[in-house]
Amino acid sequence: MAFFDLFNYWIFIVLMMIGLYTVIVSPNLAKKVIGLSVFQSAIFLFLISLSKVRGGAVPITVPPAELYSNPLPHALVLTAIVVSVSTLAVALAIIINIRQAYGTVEDDEMEKAEGH
Amino acid sequence: MRDQVILRVVAKVTVPFILVFGFYVITHGELGPGGGFQGGVVLAAAFILYGLVFGLEDLEKIIPRRLTDAMAGLGVLIYTGVGLVGIFGGYNFLDYTPLRLTGADAAESWGMTLAEYGVGITVAAVMVIVFREVSLAATAEK
Amino acid sequence: MSEFLLVDIVLLSLLIVTSVSVFLLHNLFAATMVLSLYSLLMSVVWLNLDAADVALTEAAVGAGIATVLLIGALVVVGAEERKHPRMHWPALLLVSLTTAALVYGTFDLPRLGDPAAPAQTHVAPEYISQTVEKLRSGQPVAPSDDHGDYESDNFHGHVPNLVTSVIVNYRAYDTLFEVAVIFTAGVSLILLLGRRESESGGGT
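Residue numbers (our numbering), protein chains in the order written: chain A, 1 to 116; chain B, 1 to 142; chain C, 1 to 204.
Because the hints were derived from the structure by calculation, they are not lab data.
What you are looking at is a predicted structure, and each value in this text was computed from that prediction instead of being measured.
Be careful, since some hints might not be right.
To be verified - Covered stretches of chain A (in silico footprint by chain C; criterion: 3 or more residues with CB under 8 Å from a CB of chain C, positions within the stretch not fixed):
1. 5-15
2. 21-32
3. 43-56
4. 59-66
5. 76-87
6. 90-102
Even glycine gets a Cβ: it sits at the ideal position worked out from N, Cα and C.
Construct all of the structure, not just a fragment, from the sequences and the given hints.
What follows is the structure, encoded as structure tokens:
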């Protein structure tokens, strides 16, 4: 059953590549940001998959259990999620400013437009 | 959206409960799932719901811009202050030992709760700031 | 096959479908709604993988705040994406090569849930055992100003939620700067989009 042992990792790779492809191929800046968000969530999936322990419990020690899942990647991902939404907000603010400066957020139209 | 009766009534009724839940999640972050980040986002969600249903002018009346700006900095200040208490007590930075306010082994609990509140206040304030700025840009566009 | 694995496989397949549809949708409002669904599914996957705190955060942040922000921004920016060809062969080639390289790399990773993986045996057992020991013994710490009390125990987090004790106690320094990053994002928003009474709009 080696397929199911590594299934999470392969799904993570597929999701990450879908996000990356969206970022590369879309000329629309907002679509790129959405693709980046898909990419980031896939990375968090990878980190959490690394922390799972078979037969382990949620890392809260009350009620007691013998084996706990590793809490360190959870701590990493938790702060990363909130920081990712902060960077999403800054990216959207920059896109709003680009729209106000150029009148468009499509890549190729921006090159032809007259802006600041 | 304020002329929709159901939205208006339900929003008015549920906002206090959401706020209490947010403070609950921050405070009980040590005993169950939760903590500063989660509770801060829930607190912001209450204000965002109010802003979406009643409009940005009403949101400005209940939580003015100066207050959110100040709260964003206050949270970082609280967290850093808890860290400095460690230095002034003679230990390292962010060492919670001098905070033994209610008994010898309550230092960890006090330190962690104060730090979580710092985190929660900053996260809530920043989420409300972000929502307000983006909404102002959106309404000015129309 | 255990229930955990069944739920995992079903949810991950749904995730793939959702992310492909995010890519294919032209109307960006619809893409934002599907992205919010993606975040919610991801949160349930993480709950299935024993990550309760993280699932709570993603449900609140990803499915809540990010959706509101994106919709607000799309009102300004325009919600229809110009139609463009979906297949871009150089990008597809690059993505396939990267996928192949990464899949080749996964064969060296530990199996899902392996308790003897390097990630589970390095520092985590120390943190977990310290917390469980201290909570189980229940004895009060002798009051003293000397750090000699803690010499057998280099770290001081003794609360039931291990993830919170890692964030705010074992790694409190990192969290302080994460909070500073979030504060900086708030300040950047005010600077980029700030509409004060005397000025006329953001930018420039």
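| request: If any of the earlier hints don't hold here, list their numbers in rising order. | output: Hints that this structure does not satisfy do not exist here, as all of them hold.
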